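Residue numbers (our numbering), protein chains in the order written: chain A, 2 to 282; chain B, 46 to 301.
Treat the hints as calculated values from the structure; they're not laboratory data.
You may find that some hints are simply not true.
[Unchecked claim] Here are the simulated lysine-lysine pairs, DSS-like style, with alpha carbons at most 30 Å apart:
{"id": "1", "chain 1": "B", "residue 1": "Lys290", "chain 2": "A", "residue 2": "Lys216"}
{"id": "2", "chain 1": "B", "residue 1": "Lys250", "chain 2": "B", "residue 2": "Lys233"}
{"id": "3", "chain 1": "B", "residue 1": "Lys75", "chain 2": "A", "residue 2": "Lys216"}
{"id": "4", "chain 1": "B", "residue 1": "Lys75", "chain 2": "B", "residue 2": "Lys250"}
It should be emphasised that the depicted structure is a prediction, and the values quoted were computed from it without experimental measurement.
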Amino acid sequence: MRESWRRIRAVAENTFLEAVRQKVFAVLLVFALVLLGGANYFAEFSFQEQFKFLKDLGYATISLTGLLVGLLGAAQLIPAEIERRTILTALCRPLRRWEFVVGKYLGLVALLAVMLAIMGAVFWAVLRWKEAQLIGLEGGEAGVVQAIQAESRDPRLWQAFALMGAKLFVVCGLAVFFSTLATSTTFVVAMTLLVYLIGHLQSVAREQWLESGEKAAWFIQLFLAAVALLVPDFNLYSLIDEIVAGNVVPWRATLEVLAYSVAYVAVLLAAAACLFEERDL
Amino acid sequence: MSRVVALALAGGLILGWGIGKLPWEIRMTKEQRLATVGFPGPTAVAVREKLGQGLVLAALGGFRGLAANALMLQAHGAWEEKQWVRVRSALELATLLQPRVALFWDLASWHLAWNAAVAAERYEGLESETRRRIEARKWVEAGRELLERGTRAVPEKALLFQRLGDLYWQRLSDYQAAAVCYRAALTKGDVPPYLERFVGYALDKAGDKKAALAYFQELRRTMGENPDPARQPEVVEREMQRLTKELRTSPNGKRP
Numbered sequence: 002m003r004e005s006w007r008r009i010r011a012v013a014e015n016t017f018l019e020a021v022r023q024k025v026f027a028v029l030l031v032f033a034l035v036l037l038g039g040a041n042y043f044a045e046f047s048f049q050e051q052f053k054f055l056k057d058l059g060y061a062t063i064s065l066t067g068l069l070v071g072l073l074g075a076a077q078l079i080p081a082e083i084e085r086r087t088i089l090t091a092l093c094r095p096l097r098r099w100e101f102v103v104g105k106y107l108g109l110v111a112l113l114a115v116m117l118a119i120m121g122a123v124f125w126a127v128l129r130w131k132e133a134q135l136i137g138l139e140g141g142e143a144g145v146v147q148a149i150q151a152e153s154r155d156p157r158l159w160q161a162f163a164l165m166g167a168k169l170f171v172v173c174g175l176a177v178f179f180s181t182l183a184t185s186t187t188f189v190v191a192m193t194l195l196v197y198l199i200g201h202l203q204s205v206a207r208e209q210w211l212e213s214g215e216k217a218a219w220f221i222q223l224f225l226a227a228v229a230l231l232v233p234d235f236n237l238y239s240l241i242d243e244i245v246a247g248n249v250v251p252w253r254a255t256l257e258v259l260a261y262s263v264a265y266v267a268v269l270l271a272a273a274a275c276l277f278e279e280r281d282l
Numbered sequence: 046m047s048r049v050v051a052l053a054l055a056g057g058l059i060l061g062w063g064i065g066k067l068p069w070e071i072r073m074t075k076e077q078r079l080a081t082v083g084f085p086g087p088t089a090v091a092v093r094e095k096l097g098q099g100l101v102l103a104a105l106g107g108f109r110g111l112a113a114n115a116l117m118l119q120a121h122g123a124w125e126e127k128q129w130v131r132v133r134s135a136l137e138l139a140t141l142l143q144p145r146v147a148l149f150w151d152l153a154s155w156h157l158a159w160n161a162a163v164a165a166e167r168y169e170g171l172e173s174e175t176r177r178r179i180e181a182r183k184w185v186e187a188g189r190e191l192l193e194r195g196t197r198a199v200p201e202k203a204l205l206f207q208r209l210g211d212l213y214w215q216r217l218s219d220y221q222a223a224a225v226c227y228r229a230a231l232t233k234g235d236v237p238p239y240l241e242r243f244v245g246y247a248l249d250k251a252g253d254k255k256a257a258l259a260y261f262q263e264l265r266r267t268m269g270e271n272p273d274p275a276r277q278p279e280v281v282e283r284e285m286q287r288l289t290k291e292l293r294t295s296p297n298g299k300r301p
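Chain B with its partners taken away, still in its complex shape (with noise of 0.2 Å):
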């Protein structure tokens, strides 16, 4: 075999590789990205708007965690020092870098909503409280946008959806859409057992009172003749005659 025919041989080799492999790699790509991010690949068009996004993923390679975790010590030292414009670039960034941790997308939106909502509503140096409370109202709106993208980041937990839920109810005092939220939750593999309640506990704080008995009869009839006890079924019993009877006292179902 001469030198010639060596080369020729080891680049058919490599080329020929190159061309069987293809298909295989455009299937297992695709086979991933469907199991993992839930849709089968982008089009020429989302690849060309996310070009910017996937370079700076795949040029990261296997240190892609790595650098997100960095970036989320790096959030919690300024989280430290109440530097919450730096807090929340370093939490864009590390869930841009790792969308599907669901953690990252948890903490980053505990951080703006809660935190920086709060210092926010806090901060001495604007004397209008409205000025502060529009303020702190960005920080909650950043966290719940935030929360939103997690979502569909990651559709298969319910932590996100169950955290969106707490947004609203807590910093937006939206109880229909924290209902909203909690029983997306539910549709979920991974939900804790007492979330189940929190819909027909949003129901009723929205004061929909009639809804919120119909939820928790439902409940109960779901969990059967003989319910697991971390369902806590008293509980749902408990709720159940309370509703009703202060559905007794204000008959059309909502708060006055």
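Chain A on its own, in the form it takes in the complex (with noise of 0.2 Å):
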């Protein structure tokens, strides 16, 4: 098992030095870290609303900016090994197909952790400067720099991030899954981003699919069925939606939707292990 982790490791480290050395992603970064700065630019509404704006936008360039980053990371995985031949060298060394896939998910995941980490600290610097920018203008009042300050720290913005990490850690399983099915890399790109995007109508095919009885044609039912079946529910993350709002999110939810997402990687991880097992390479 330890010999297992460090062969593991050893995938994951090299995967992530190998895209740190990339220069797309640095460039993701910038453009992220750019739009998080210019996010602070909405000046002309109420405080809450001015928030709220800059809440939404740094999640969504953070949400953005790592999708591209699984993508595009997870298409450079397995497809690009094989095609510059490099995967031959590493499976002949003393190391399974599983640890493999394994490892290079781990490495991807960490660049992914990496790049959260640096994006979060950003934002989490902008919403500081929007509070000091604020105070300074509405004046020193002890109820309006407590109202600012409940939203510049609002510490439910931590649950917020966690999701959206486990949100893209599950975008990052069904890359590595689609790699290991793939021979190119658009595949592996456009795959993940199709089941992306119909993640987000699950839930409504789901409940279509469960509540349309003998109505439905067979083949719609069958349609709604695999979509419900297969595809993972992306509306759960949606309690950000919930969070940015500023209501109440109870950490039960949070934590049972992070629970879903470590069950979903580990199902894709496994399913990716068996596909890649018998692979020609």
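If you follow the hints, you should be able to join the two separate chains into one complex; please do so.
Right, here's the structure in full:
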């Protein structure tokens, strides 16, 4: 087990370092940081609205950048290794194929985690910057200062951040799964993006399937069932919108969605390992 | 392990998990809806009825907030140009995209019931004052209708009930309805302390001085012996004295 972990870690470290050296991720990060900084310039509204705009834009920027990193990173993982034939050098060592898959995933997740941490830190700094700006503008009345600080230092933002990270880790899991099936990077990107988009409709399809009874044609039912069974429900993560709206979201609900994400990733990696085990390289 | 077995195993895993996750997803969705919207989940009929809206909401996925903000900015731009129909359509869409954001309902109703209505009242293109008033009333009604929907979408917050009360008071002069809204706001946890006096003010303004006095007396009683200064007991006592005095001169308690 320890040996296995050592090998997984080696693959993960290698994947992480390889990804860090790629300019595309640095460009994405700079793009995200500029957007995050620019999010501070909504000044014509009340402070609650300014914070709402800032948080929405901040989360959307981090989410979009994370999605692109996940997609591009995963696309580079296995198909590119096969194309370059570097995978043969890796697998001729005492390294099991499932260890390779898990290592690749963990490397990608590490890259994503580092980028999320950097973007999160900048986002936090922008929130504090906005706080200082607004306190200067609105005056130092205790009630107003307290209300502004409640917006900028809202501890629920951590909940939203954890949910966003979990959603992106599931997207990475999907991308790794498709990369064990695919021969081209375009296929991995297209399929993952497609599932990501359909995932936001999954709950609608599921409810329609379960409640449509015999009224819907069989092929429609089959399609709805396939979406409900095979696609993750990304609407579960819309708790983020609730948090940004300033509504209370219980930690229990957040933790349950996090557990769902962990379980989903585990299943995806297990299936990916099965597929990769017998794949011709 | 052959290729077929590997494929079957992977497929079985995904499908098995798909079947297993279904009840979990259904329960989580219901619980999330119960916690955030106040009902456990739509029926089949409701799903069909709301499918169009649901698809829009779902399709935008993680970027729904961004789209709603863009619409709010669009509404702001249209407001600066006094294009009220554009303001209304952008606001309606923004509240549709993020119905749980109380701020959107608040801003939207303010634009319609105050800004658009006042602009209609002052519109020089219509010579007849009656016509202008009818136009203005339409905008006020649009704002009221938005706020009514807002209170149903975010029932746990005091803000929209307070704003609805303000609208009834300031734009429709319906003080009894305003008192009802302020009372509803008081049942929420995040009500500002000054609002508890507004029920009494609204009842007084509606001409029901007896009810206003009874309300202020009850309010003072609930404050206890050592009231929180933020609740301003002296203001309540002053109102009680004023109303008592006025009721002495007009004992039926109704405004002449």
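Any hints from earlier that this structure breaks? Give me their numbers in increasing order, please. 1 and 4
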